[in-house]
Every structure is written in C-alpha cells, then in structure tokens.
Amino acid sequence: MENDTSLIIDIVFWIIAVSTIVSAIAVVALKDVFRSALFLVVTFIGIAGMFLLLRAEFLAMVQILLYVGAIAVLILFAVVLTRDVEQGSPFNRYLIPVLVISGLILAGVIFVITNTNWNVNSNNITSEQMTAAFVETSILGNIAELLIKKYVLAFEVVSVVLLSAVIGSLALVRKR
Amino acid sequence: MDLQQFLIIGAILFFIGLFGSFTKKNTIVVLMCIELMFNAVNLTAVAMSRYLVPYSTGNDSSIVDSILTGQIFSIFIITIAAAEIAIGLAIVIVLVRNYKSVFISDVKELKH
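Quick mapping for you: the protein sequence lines, in order, are chains A and B.
Numbering of the first sequence is given in our numbering, commencing with residue 201 and proceeding in unit increments.
Numbering of the second sequence is given in our numbering, commencing with residue 22 and proceeding in unit increments.
Don't read these hints as lab results, they were simulated from the structure.
A few of these clues could be false.
Unchecked claim - One side of the interface only, derived from the structure: several residues of chain B facing chain A at Cβ under 10 angstroms: (1) Ala32; (2) Thr44; (3) Ile49; (4) Leu52; (5) Met53; (6) Leu57; (7) Val67; (8) Ala104; (9) Leu110; (10) Ile112; (11) Leu116; (12) Lys121; (13) His133.
As the list claims (entries may be wrong) - When the alpha-carbon atoms are kept at most 25 angstroms apart in a straight line, the in silico DSS-like pairs for lysine-lysine are as follows: (14) B:Lys121 to B:Lys132; (15) B:Lys46 to B:Lys132; (16) B:Lys121 to A:Lys375; (17) B:Lys46 to B:Lys129; (18) B:Lys46 to B:Lys121; (19) B:Lys129 to A:Lys375; (20) B:Lys129 to A:Lys231; (21) B:Lys46 to A:Lys231; (22) A:Lys231 to B:Lys121.
What the hints assert, rightly or not - Not everything, but these chain A residues come out facing chain B in the computed CB check (under 7 angstroms): (23) Ile221; (24) Ile247; (25) Gly249; (26) Met250; (27) Leu254; (28) Ala278; (29) Val279; (30) Tyr294; (31) Ile310; (32) Asn342; (33) Leu346; (34) Tyr351; (35) Val361; (36) Leu372; (37) Val373.
Note that the structure is a prediction, hence the values are computed from the model and not measured.
Heads up, the beta-carbon is just placed ideally off N, CA and C, and yes, glycines get one too.
Sequences and hints are given; from them, build the entire structure.
Spelled out as structure tokens, the structure:
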C-alpha cells in the first residue's frame with residue numbers, strides 16, 4: 201500500500217515536471233506572444249502542483265490566485281493592448297552564444313546539485329517527526345504568526361513597496 | 022521525489038528564463054521570462070526549506086517554523102514579482118505609445 205502511494209506520487213511528479221518544463225520552453229520558443237503567454241499560465245499551474253507535492257498548500261493557492269489570476273491576465277492585457285504594433289517575438293543576434301553559455305552554466309549547476317552531499321533532515325529530525333509536525337499543526341496559522349511577529353519589518357516594507365508600485369505604474373501610464 | 026529533483030527542475034526553469042530574457046526582442050516576452058526565473062527561485066526556496074531543516078529545538082512547533090522559512094521567502098518574492106510586473110507592463114505601454122514598437126532593440130537613444 202505504501203509503495204503504491206509513493207509510485208503514484210512519483211508518476212504525478214514526473215507528469216507535472218515534464219509539462220512544466222515543456223511549456224516553459226514553449227514560452228521562449230514560440231513566435232506568437234499570445235500563445236507564449238498562455239503557455240506561461242500552464243507553467244504557473246505546474247509550479248503550483250510542485251508546491252502541493254512539497255506540502256506548501258497555502259503557497260499553491262497563492263500561486264494560482266496571484267500568478268494565474270492576476271499576473272497572467274495583466275500580461276494578456278498588455279499583449280492585447282500592443283496588438284496594433286505587434287511584430288511577433290523574434291530572437292536577437294545573440295541566440296547561439298547565449299544558448300551555449302547558459303547551457304554550460306546549467307550543466308555546471310546540475311553537476312553541483314547531483315554531487316553535493318545534501319544534509320537532508322539534519323539535527324536528528326526524522327521524516328516521521330516532520331510529517332507529524334505537518335499534520336498536527338496549522339500551517340496557515342503558523343504562516344500568519346510568522347508574518348506579523350518574526351518578519352513584521354519585511355511585511356511592512358513590502359506593503360510600502362506595493363503602494364509605490366501602484367503609484368508608479370499609474371504615474372507612468374498617465375496621459376499628459 | 023527528493024530534493025535533487027526539485028532543485029534540478031528549478032535550475033532548468035531558471036536557465037530557460039535567463040536564456041529567454043537575454044535573447045528575445047519583445048519586451049513582454051522578456052518580462053514573462055523574468056517571471057519564469059522568479060518561479061524557479063520560489064520552487065528552490067520551498068524545496069530547500071521542506072527538505073533541509075536549518076535548526077530545531079526539538080518540539081514540533083519549532084520544526085514547522087523552520088520549515089516555513091522558505092514559504093515566507095516565497096510569499097515576499099511573489100509580492101515583489103507582482104509589483105515588478107505592474108511597473109514593467111506600464112513601461113511597455115509607455116514604450117508602445119512613444120516608439121510605436123515593442124522591441125527592446127528599438128529603444129537606443131542613449132547609444133548615440
């Protein structure tokens with residue numbers, strides 16, 4: 201029974217991983233901006249599925265609400281508003297060098313990731329203890345408590361940043 | 022399903038976004054690729070804090086607090102990404118209004 205569940209979780213993980221990466225490649229490769237925006241939505245949903253697999257349910261919800269609900273719609277609006285000057289989405293002349301360099305750095309990063317001895321579950325915390333901690337405590341309540349106690353300064357600064365972003369974008373698009 | 026798989030997927034997404042933001046001409050697609058990079062960083066942060074617990078004093082509540090560090094990071098990154106995309110798309114609209122083009126390569130007044 202235990203093996204069946206982990207096998208199903210593995211299959212789900214690989215389906216989500218492959219679809220996320222394929223749609224991310226489609227965002228970059230497609231010529232039509234509208235279609236690449238739609239594939240960006242698929243990538244965001246895939247990342248939300250990854251968050252669910254990582255037991256970050258609240259973040260998965262925030263990802264769907266904010267990225268799929270707000271940012272993707274904003275991007276689609278921008279694509280539609282720039283329709284009359286639409287010239288597709290071509291590559292510039294640095295395609296080959298950037299492809300080679302980023303591929304090399306990616307290979308290096310993957311080499312480092314696979315060869316590092318990750319100290320998973322250090323400090324004598326077993327995976328059973330971790331699962332118990334997840335099941336028995338309210339994750340959402342803990343996030344709220346951390347946000348208004350330990351990280352309250354960052355929380356306030358971020359709200360000021362959001363306000364200035366709203367005012368700045370309104371000031372930018374204002375007709376004068 | 023372990024830490025390395027999530028980190029590798031995060032790395033692949035990040036470098037797809039990096040490649041796209043360096044090679045695409047359309048400003049909106051560059052912004053989309055920056056969003057891809059933000060997402061990759063979020064995934065990496067959450068996976069790290071899920072599998073690598075930084076510290077613990079033994080009771081369950083502090084385990085959860087240290088696991089949630091990465092999620093709090095991701096919440097702040099998502100907020101900043103929302104602010105960034107609002108400003109970025111406003112700049113795109115202004116570019117289209119002034120230059121009648123969405124290509125970054127057409128904005129080169131500082132070059133001459």
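Structure-based check of all given hints:
no.	hint	verdict
1	Ala32	5 angstroms, holds
2	Thr44	5 angstroms, holds
3	Ile49	6 angstroms, holds
4	Leu52	7 angstroms, holds
5	Met53	5 angstroms, holds
6	Leu57	6 angstroms, holds
7	Val67	5 angstroms, holds
8	Ala104	4 angstroms, holds
9	Leu110	4 angstroms, holds
10	Ile112	6 angstroms, holds
11	Leu116	9 angstroms, holds
12	Lys121	5 angstroms, holds
13	His133	19 angstroms, violated
14	B:Lys121 to B:Lys132	19 angstroms, holds
15	B:Lys46 to B:Lys132	17 angstroms, holds
16	B:Lys121 to A:Lys375	16 angstroms, holds
17	B:Lys46 to B:Lys129	13 angstroms, holds
18	B:Lys46 to B:Lys121	14 angstroms, holds
19	B:Lys129 to A:Lys375	23 angstroms, holds
20	B:Lys129 to A:Lys231	23 angstroms, holds
21	B:Lys46 to A:Lys231	11 angstroms, holds
22	A:Lys231 to B:Lys121	19 angstroms, holds
23	Ile221	6 angstroms, holds
24	Ile247	5 angstroms, holds
25	Gly249	11 angstroms, violated
26	Met250	6 angstroms, holds
27	Leu254	5 angstroms, holds
28	Ala278	4 angstroms, holds
29	Val279	6 angstroms, holds
30	Tyr294	6 angstroms, holds
31	Ile310	6 angstroms, holds
32	Asn342	5 angstroms, holds
33	Leu346	6 angstroms, holds
34	Tyr351	6 angstroms, holds
35	Val361	6 angstroms, holds
36	Leu372	4 angstroms, holds
37	Val373	5 angstroms, holds
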